[in-house]
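Asker: Here is what each chain is made of, one letter per residue.
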Amino acid sequence: MTRLSKFLRRGFGIAIILIVGAAGAFAPWLGTVDPNASSSDILAASSAAHWLGTDELGRDIYSRVLYGARISLIIGPAAALVALAIGAPIGLVAGYSRGKIDMLLVQGIDVFIAMPGLIIALMITVMVGATAQNLVLVLGFVMWPEMARIVRSLVLGLRDVFFVEAARSMGCSVFQLLTIHILPNIMRTIAAQFAILVSSAIFTAASLGFLGLGLPPPAADWGTMVQTGFDYLSLNPLLSLAPGTAVAFTVLGFYLIGQAVD
Amino acid sequence: MAGFILRRLMWFLPNAVILTFVLFAAVTVWLGSPAAMMLGRDASPAAIAEINTVYGFDLPTWQQYLRWIGAALTGDFGRSYASHQAVSAMILPAIPITLELTAWAILLALVTSLGLNSLAVGRHVIGVLSSGFSIVGITFPNFMLGAILIYVFSVKLGWLPTAGWIPWQSGVIDHLTHLIMPVLTLFAYYFGSFSMIYRAEYRAVDQQLYVRVAHSKGLSPTRVSFRHILPNAVLPVVTFIGISIGRLVGGAVVTETVFSIPGLGRLFVGAIASYDFPVVLAMGMIVLTSVMICNLLADIVLASLNPQIRL
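For the protein sequence lines, the chains are P and C, in the order given.
Each residue of the first sequence is one higher than the one before, starting from 175 at the first, in the working numbering.
Each residue of the second sequence is one higher than the one before, starting from 517 at the first, in the working numbering.
Chain C extracted, bound-state conformation (with noise of 0.2 Å):
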């Protein structure tokens, strides 16, 4: 195990290295010139090379990014071209905003597919609905969905607010009321993934030979279904969840834009628009490098559960 450990961080390391070069020169290329961007357009060539050389815009691009590198690994992302703040006191506040929307939507998400799937056995109607609600899930674009619950629980029926976000400390009832709508919608996209995945090993542990002596054992088909099934079903769901976590912020970025919510995703896209260039570069090396750990570790879990990966 010690060596296979060993084996993939030997491929990490180099892969992260240069994955994370690629988008560094990537990014730095695309920018031009950094320092005309700061300065403005009327900057003189003397400040123009004054910011140049405090910055080291001058240097060459590897010289540049292991400047960055260093820098970021103490928490210094630069500052925003935009607003000059700290990068890392823009994205620090919209972090746990989008965590909570992506979590409650992935709880949401987890209850009703596995729930809704369990309970199919047997009744056809159930099974139709839920396969037609996970392929809705998928191809549905959320932005279409989001235009849809807004016009309908906002603008018509003038529940629920369009969009926003209420901290907790400004009222739990607000917060919650603003929530639903982006939690819906972000819910039906992990609804139809998790439904998929559950479905397929479903109808694999159903064969098993223990279920069908539960069967005969005299259990009622829920019974069966929940407590014999569904534990051993779950297990690919809960895979996927894992090795989702860095599409995290992609998911977001629709469903926030939609709804103006101040998380990972709208700050990506804001940037994205201004051309911002540290903060996208700040938050493209966050998900890369999220995405790679993520990868890493999960390799790690599935080997120490079979060994036979471990070869």
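Bound-form chain P, shown alone (with noise of 0.2 Å):
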């Protein structure tokens, strides 16, 4: 990829996210009702009032849609956080310390990444609820050995290059090495996996909404909004169509920037 290639999705990706994030901040402000108001005027067409149209309980699509915005972006990095937390300590060790472990560590790592994540997701889902809570347990929990193996393969190239060694020979101790020395110097892949985590999140947390597992009713749960509006396609698109490109476009924001850095 060019410079200016990564210039240019940077770029991109970080204004996505500032839109979707100011959507979600001034919601209320932007937003023209209340969206859990519903009313009488069902699936109606876009219009002044309703400038996406209604829901099939007359609810504003347009305000619905902003305030999906402010669970997207509170699950979407609450997950990739939970993943870091967990697989981050485990590539660290795995990363750094040879033979037996590295091996027990990198067997587990291997068969969780091979696992389909949405399969895992619903079952767990299903078998503890979906609550918000729940949701970015259950993500986190799915996406963790991604970043497991990112950080290990990261530890792997440092642990032996000469400003480890010199440390280490100065008496570092292991914690003090891994925490001190290598982790600076990879923060940066950190970060960017860390946006591709987030995006992964929302996108997963939006097909677990489609296939009916989203957050309980009455919120404004992108993915099961698009699911509800299925059945309404040929009444007012917009009800799939305009979650689903909300959707859509804050993954590919986070998308962008964790590809466009090195």
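Calculated from the structure, these hints are not laboratory results.
Each residue gets a CB set at the ideal place from its N, CA and C atoms; glycine is no exception.
Hints are supplied without guarantee of correctness; some may be wrong.
As a list, the in silico EDC-like pairs of lysine to aspartate or glutamate whose alpha-carbon atoms are at most 20 Å apart [unchecked claim]:
id: 1; chain 1: C; residue 1: Lys733; chain 2: C; residue 2: Asp722
id: 2; chain 1: P; residue 1: Lys274; chain 2: C; residue 2: Asp815
id: 3; chain 1: C; residue 1: Lys672; chain 2: P; residue 2: Asp405
id: 4; chain 1: P; residue 1: Lys274; chain 2: P; residue 2: Asp284
id: 5; chain 1: P; residue 1: Lys274; chain 2: P; residue 2: Asp334
Using C-beta positions, here's what the derived DEER-type ranges look like [claimed, not checked]:
id: 6; chain 1: C; residue 1: Ala541; chain 2: P; residue 2: Thr363; range: 33 to 39 Å
id: 7; chain 1: P; residue 1: Ser179; chain 2: C; residue 2: Thr755; range: 25 to 31 Å
id: 8; chain 1: C; residue 1: Ile642; chain 2: P; residue 2: Trp203; range: 43 to 49 Å
id: 9; chain 1: P; residue 1: Gly273; chain 2: C; residue 2: Val817; range: 20 to 26 Å
id: 10; chain 1: C; residue 1: Gly687; chain 2: P; residue 2: Ile188; range: 47 to 53 Å
id: 11; chain 1: C; residue 1: Val641; chain 2: P; residue 2: Lys180; range: 15 to 21 Å
id: 12; chain 1: C; residue 1: Tyr791; chain 2: P; residue 2: Ile188; range: 39 to 45 Å
id: 13; chain 1: P; residue 1: Phe336; chain 2: C; residue 2: Trp527; range: 30 to 36 Å
id: 14; chain 1: P; residue 1: Leu330; chain 2: C; residue 2: Ala542; range: 28 to 34 Å
These two chains come separately, so use the hints to put the complex back together.
Answerer: Next comes the structure, spelled out in structure tokens:
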């Protein structure tokens, strides 16, 4: 990737996240009406009163999409944080220790990485119930192996580098080596991976919502809105397409940011 | 080599036992009392106790696990609580459907991603297009793509049927028209991932000396890219396909739900939604073991190609 295209991608990604973030943050002012207020005006097409029309309960789609940004922007990063909290320490330990411990951890990481994340997330979400808190934990649990694998390979590349060896020979403990000398050098790539995980968490959360395991009503969950709208595609396609576009847009934003860092 | 395979198998078996047990225990614990579920809410305690003894639900988890594995090895996965059909009779007909859908999507993605990205040498426009497409393919949710396709081609234009699955026997044309949109939806993701992997490898191969030789022989860029680089850059894509076989069901879940295709993904979602524990358990176990076997095979194949790994 050239520098220019990296710069463009990063800029584009940041712009998207700022827009979505502003939409979520200022939803009460940008929104035209209460997102949960139903009216008798159901499945209306877009009009001056309801910019994107109304859903099957007569709620304003535009306002609901705005409020949905809040949910996605909280669940996505929070889930990625959980993945970071589990994956990074495991990756650090696996990358630094050779032999049995590394092999054991790598086995675990490999098995989990190959698992279809959505299937696992579906199974666990049904068991524990779809609350915001549970979704964050489930998505984080599904994603930690990605983080662990990246961190491990980064540490592996650094553990025998000259400055680390120098620090080791000066009597640094393993903990000091990892936290003071290795971690700061891999922070950039971890941050990039973090952004990718946020995008994949939002993606998976929306897919869960679409499959009927989104946040319980009346939460303005984008995935759930798309699913509801599917039955009314011929009446008001925006009911599906508006929140769907919001998901695609947000996922793209985080993905571009993560991808544009080397 | 034999030693390596043996060592990997020694890892595989305990891993498989532990993971399948964890899955079994998780599903069983979550379920609570299957007897109450089978008999309905008004079941008498005596009837529940009877069911418990007949099916062994009152045994410790590890004994139930052994019984389940024993039966599963003979092809008996129990009966569905919802439809009372044998689970194997529900899963078997769904397999070819998901396989066909995915095979079409993977084939199409393979041809287009390799072709487009190989063509992109020296043609800036195609390069930008294909990297744009692959980012969209990876980040665009498939339910969204499905919604757009249905809206445009079924609702607005009326060219294609919205959803459903027509088997070959009931008409080849019908079969294919029902396939177009689901295949396209599933294709997008595969196209994106294949392109990403292929482009990275392509760039590495492009640096090799023999590529420069081919250029200096006076071959056209297209010929160099297809004849000399493509065959050497395609391996990681093939490996990726091999490893992601286990993810096949996962990939198809959303697409099959969007288009009401009676494949494995939709069966799974339906079973989850109706708390149909034997179906969920059987499918979870099948996915789990097939993933582990694919990993094992991939390791063995890679080791046979690269002696360093065997150490």
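Asker: Next step is simple, just say for each hint if it's right about the structure.
Answerer: Here's how the hints hold up against the structure:
1. C:Lys733 x C:Asp722: Holds - the C-alpha atoms of Asp722 of chain C and Lys733 of chain C are around 15 Å apart, at most 20 Å.
2. P:Lys274 x C:Asp815: With Cα atoms ~18 Å apart, Lys274 of chain P and Asp815 of chain C stay inside 20 Å; holds.
3. C:Lys672 x P:Asp405: Within the cut-off at roughly 15 Å; holds.
4. P:Lys274 x P:Asp284: The given pair, whose Cα atoms are some 15 Å apart, holds under the 20 Å limit.
5. P:Lys274 x P:Asp334: holds, 19 Å
6. C:Ala541 x P:Thr363: 33 to 39 Å: Given a distance of about 37 Å, which is inside 33 to 39 Å, the answer is holds.
7. P:Ser179 x C:Thr755: 25 to 31 Å: For Thr755 of chain C against Ser179 of chain P, whose Cβ atoms are near 27 Å apart, the range 25 to 31 Å holds.
8. C:Ile642 x P:Trp203: 43 to 49 Å: holds, 44 Å
9. P:Gly273 x C:Val817: 20 to 26 Å: holds, 25 Å
10. C:Gly687 x P:Ile188: 47 to 53 Å: holds, 51 Å
11. C:Val641 x P:Lys180: 15 to 21 Å: Roughly 20 Å apart at Cβ, these two residues keep to the hinted range, so it holds.
12. C:Tyr791 x P:Ile188: 39 to 45 Å: Holds, since Tyr791 of chain C and Ile188 of chain P (Cβ atoms, about 43 Å apart) stay within the stated range.
13. P:Phe336 x C:Trp527: 30 to 36 Å: holds, 34 Å
14. P:Leu330 x C:Ala542: 28 to 34 Å: Holds - the Cβ-Cβ distance for Leu330 of chain P and Ala542 of chain C, about 32 Å, lies within 28 to 34 Å.
Violation of the numbered hints given earlier is absent; every hint is satisfied by the structure.
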